[in-house]
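Asker: Keeping their order, the protein sequence lines are chains U and Y.
Letter 437 of the first sequence, counting from 1, is numbered 437 in the working numbering, and no numbers are missing.
Letter 136 of the second sequence, counting from 1, is numbered 136 in the working numbering, and no numbers are missing.
Don't read these hints as lab results, they were simulated from the structure.
These figures come from a predicted structure and were not determined experimentally.
A portion of the hints provided could be inaccurate.
Quick list of in silico lysine to aspartate or glutamate cross-link-like pairs, EDC-like style, CA-CA up to 20 Å [said to hold, decoys possible]: (1) Y:199 to U:334; (2) Y:199 to U:290; (3) Y:190 to U:314; (4) Y:213 to U:324; (5) Y:31 to Y:41; (6) U:307 to Y:193; (7) Y:216 to Y:193; (8) Y:213 to U:331; (9) Y:199 to U:442; (10) U:340 to U:314; (11) Y:190 to U:317; (12) Y:199 to U:284; (13) U:404 to U:342; (14) Y:216 to U:332; (15) Y:114 to U:401; (16) U:340 to U:442; (17) Y:199 to U:314; (18) Y:159 to Y:146; (19) Y:199 to U:249; (20) Y:190 to U:312; (21) Y:169 to U:155; (22) Y:190 to U:324; (23) Y:213 to U:332; (24) Y:169 to U:324; (25) Y:199 to U:407; (26) Y:199 to U:312; (27) U:381 to U:312; (28) Y:77 to Y:146; (29) Y:220 to Y:189; (30) U:307 to Y:105; (31) Y:169 to U:317; (32) Y:216 to Y:146; (33) Y:213 to Y:162; (34) Y:114 to U:286; (35) Y:199 to U:332; (36) Y:114 to U:279; (37) Y:199 to U:324; (38) Y:114 to U:284.
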Amino acid sequence: MSSARLTRILRSASFRLTLFYAVLFVASAGVLFATVYITATAAMQSDMAAVLRSEAYQLAEIHQRLGLPGLAEQIARRMNFRTRGPIFYLLQAPNRRVVVGNLPGMPPVDGVVDFVPQRETQEPDLQPTMLTGFGLTLPDGSFLLVAQDANRLTDMQHAIISAFVWAGGVTLVLAIGGGLLIGSNFLRRIDTITRTSRAIMGGDLSARIPVVGTHDEIDQLVSSLNAMLERIQQLMDGLRQVSSDIAHDLRTPLGRLRQHLEDARERAKSTADYDAATDAAIVEADALLETFAALLRIAQVEAGAQKRGFADVDLSELVRSVAEVYQPAAEDSDHRLSYKVEDGIHLQGDRPLLAQMISNLVENALHHTQAGAQVALSLRKAGGGFAIEVADNGPGIPEAERAKVFDRFYRLDRSRSTAGSGLGLALVKAIAGLHGLSIRLEDRNPGLGVIVTA
Amino acid sequence: MLATTENARDDRAVKILLIEDDKQTADYIGKGLREHGHVVDRADNGRDGLYLATGEQYDVMIVDRMLPSMDGLSLVKAARASNVRTPVLFLTTMGGVDDRVTGLEAGGDDYLVKPFAFAELLARVSALARRPPMVPVTSLAVADLDMDLLKRTVTRGGKRIELLAQEFKILEFLLRHAGQVVTRTMLLEKVWDFHFDPKTNIVETHMSRLRAKIDKGFDKPLLHTVRGAGYVIRAE
């Protein structure tokens, strides 16, 4: 592990979190230790004092019954046979002469006393140890001391301390090690995300962050990010497509516009020639403006900006009047436009946009069928809603191309030569989307049916 | 051009306030309107425009939606709040349906999407300047052509003419603007509420049928085509 990487891990959020918890744990363990230490010590001290006191009073009772010689004999016996508990005794006569005992003489003290005995004579090789004793002045003035090694207490204290030091140390090591491990694991996954986003920033929109498969929070985040990237890529692809389409579809009319103007300047001999060239140029310019207007309108409709203009629309009246408006033009181009409308169908919507949607569908049918073809416009109640249908008996649309006809600038190969912006159906789709309507294309064998339903 | 003479003849002088910040557009509109005998005052920002609109008496106001210092919508709202009843024609670059709705809500009477043909602007200004009073009429007439709005019948020289529903609507609109040029776009917008440019000659085909019904067999034609502008119904 390089030092730079270690620094990064130490800075990582998960490591810092682990460390914080480790410190918190050590602190709480410290409090626990202090509590255990203090209570255990206190309990042991009072336990020892109780044992010493009961021994002392037991001996005092013997003194009362048997006198000083009897007590001395009893003490001598206990000194010889006791291996546990109070094994140190001192019995001093009132003149401070030691009657019996394995401790040096001392000034009488009543009650619990901690002391280090001066052992000038006995066992010089032994380290002087701390004793805890209980002193009692007997009724005849003699002094009795029962004592016990205090090492038991310090041993226990040492055991508690060392247990805590070990346990704490191991915990701390585990915490830091675990923190490093989790931190580096976390960092590895974050690094993947960072690397992928850099790749995407660099232009590779198809890059995706790998999912580990643990279904944890990071996996969920990664899935959301990937879904977002998918959507962005779709939008970007759409935008790219539209830009290149615009470039292609606008260059052609712009080229023609330029050609007309050139004609006017270089070839026009009379005012009539000039007028003809300018008129042709105006036609091209209008077509361009119209394409822009259509693109702008699609964008506005798709953005949903129009919803505030929504009001009740009598769809029956609208469909009927669109049919009536187009009938003479259909007749003139040798088409038969018929209509069948059920009354009383309403919806909340934008009347001008709905008029444009239905008109576009009718125009589409009229433009893409030969003379003599029939176009039938109908509105009927269907399910809980309604269905607007524009059906023709023309050449129809191949199955494979049906999904694409609603794309901007998409035109079937056979319609490339005819006039039209290729935006009509894209706008239809956008307007239908704004009103929550769905569109489908059906085969009419022969012909095509476009059905808009709510 | 023919359109010029037609308009110049049937328009009396109209006093117009033009509020437009783009100098080239303002020059183009101002020059054209003056050539047709109108009086044009100009403002190139919203504040000056509002000052003129509330201080002077105009027949029509042409207001660009995007203006410095005060946008067109706020200007018209403010003018309407000060009881200025002058008809307003909004000029807009967006052409969104939403634009039209907000314009009408703010107190605008008509709107025109830039860029536009001058004939279109002229026809709309004339229509606004000579807007008929808002009194209900039961019949309309030009020369010997009569329309009964209650019985929904049309006669010419006492002879009954059968019209289809859409033909009746077009004729009614033309008669209400008798003597004024009505453009194709005006017909689409005001008669059918079509705020787009159809790829089909729907206006022309209806017009030729209407003309065949009301003018055929009569010595004086009433329905005239104004080249480059639109249509006008007029007793010659």
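Asker: For every hint, state whether the structure bears it out.
Answerer: Hints, one by one, checked against the model:
1. Y:199 to U:334: The hint holds at about 16 Å.
2. Y:199 to U:290: It holds: about 10 Å lies between the C-alpha atoms, which stays within 20 Å.
3. Y:190 to U:314: holds, 17 Å
4. Y:213 to U:324: holds, 17 Å
5. Y:31 to Y:41: Holds: residue 31 of chain Y and residue 41 of chain Y sit about 11 Å apart, inside 20 Å.
6. U:307 to Y:193: Since the Cα atoms of residue 307 of chain U and residue 193 of chain Y sit roughly 18 Å apart, the hinted pair holds (cutoff 20 Å).
7. Y:216 to Y:193: Roughly 29 Å between the alpha carbons, so the hint for residue 216 of chain Y and residue 193 of chain Y is violated.
8. Y:213 to U:331: holds, 17 Å
9. Y:199 to U:442: Outside the cut-off at roughly 24 Å; violated.
10. U:340 to U:314: holds, 15 Å
11. Y:190 to U:317: OK: residue 190 of chain Y and residue 317 of chain U at ~16 Å, within 20 Å.
12. Y:199 to U:284: The hint holds at about 14 Å.
13. U:404 to U:342: violated, 31 Å
14. Y:216 to U:332: holds, 19 Å
15. Y:114 to U:401: Violated: residue 114 of chain Y and residue 401 of chain U sit about 36 Å apart, past 20 Å.
16. U:340 to U:442: Between residue 340 of chain U and residue 442 of chain U the Cα gap is close to 19 Å, so the pair holds against 20 Å.
17. Y:199 to U:314: The given pair, whose Cα atoms are some 24 Å apart, is violated under the 20 Å limit.
18. Y:159 to Y:146: Roughly 10 Å separates the two Cα atoms, so the pair holds.
19. Y:199 to U:249: With a Cα-Cα distance of about 17 Å, the restraint between residue 199 of chain Y and residue 249 of chain U holds, given a limit of 20 Å.
20. Y:190 to U:312: Distance of about 19 Å is within 20 Å: holds.
21. Y:169 to U:155: Distance of about 113 Å is beyond 20 Å: violated.
22. Y:190 to U:324: Within the cut-off at roughly 16 Å; holds.
23. Y:213 to U:332: holds, 17 Å
24. Y:169 to U:324: holds, 12 Å
25. Y:199 to U:407: Satisfied, since the Cα-Cα distance of roughly 19 Å is no more than 20 Å.
26. Y:199 to U:312: With Cα atoms ~27 Å apart, residue 199 of chain Y and residue 312 of chain U exceed 20 Å; violated.
27. U:381 to U:312: holds, 17 Å
28. Y:77 to Y:146: Violated. Residue 77 of chain Y to residue 146 of chain Y sits at ~39 Å, over the 20 Å cutoff.
29. Y:220 to Y:189: Status violated; Cα separation ~29 Å.
30. U:307 to Y:105: Satisfied, since the Cα-Cα distance of roughly 15 Å is no more than 20 Å.
31. Y:169 to U:317: Status holds; Cα separation ~14 Å.
32. Y:216 to Y:146: Judged against 20 Å, a Cα distance of about 16 Å means the pair holds.
33. Y:213 to Y:162: holds, 8 Å
34. Y:114 to U:286: This hinted pair holds, its Cα atoms lying about 12 Å apart.
35. Y:199 to U:332: holds, 14 Å
36. Y:114 to U:279: The given pair, whose Cα atoms are some 19 Å apart, holds under the 20 Å limit.
37. Y:199 to U:324: Measuring from Cα to Cα gives roughly 16 Å; hence the hint holds.
38. Y:114 to U:284: holds, 16 Å
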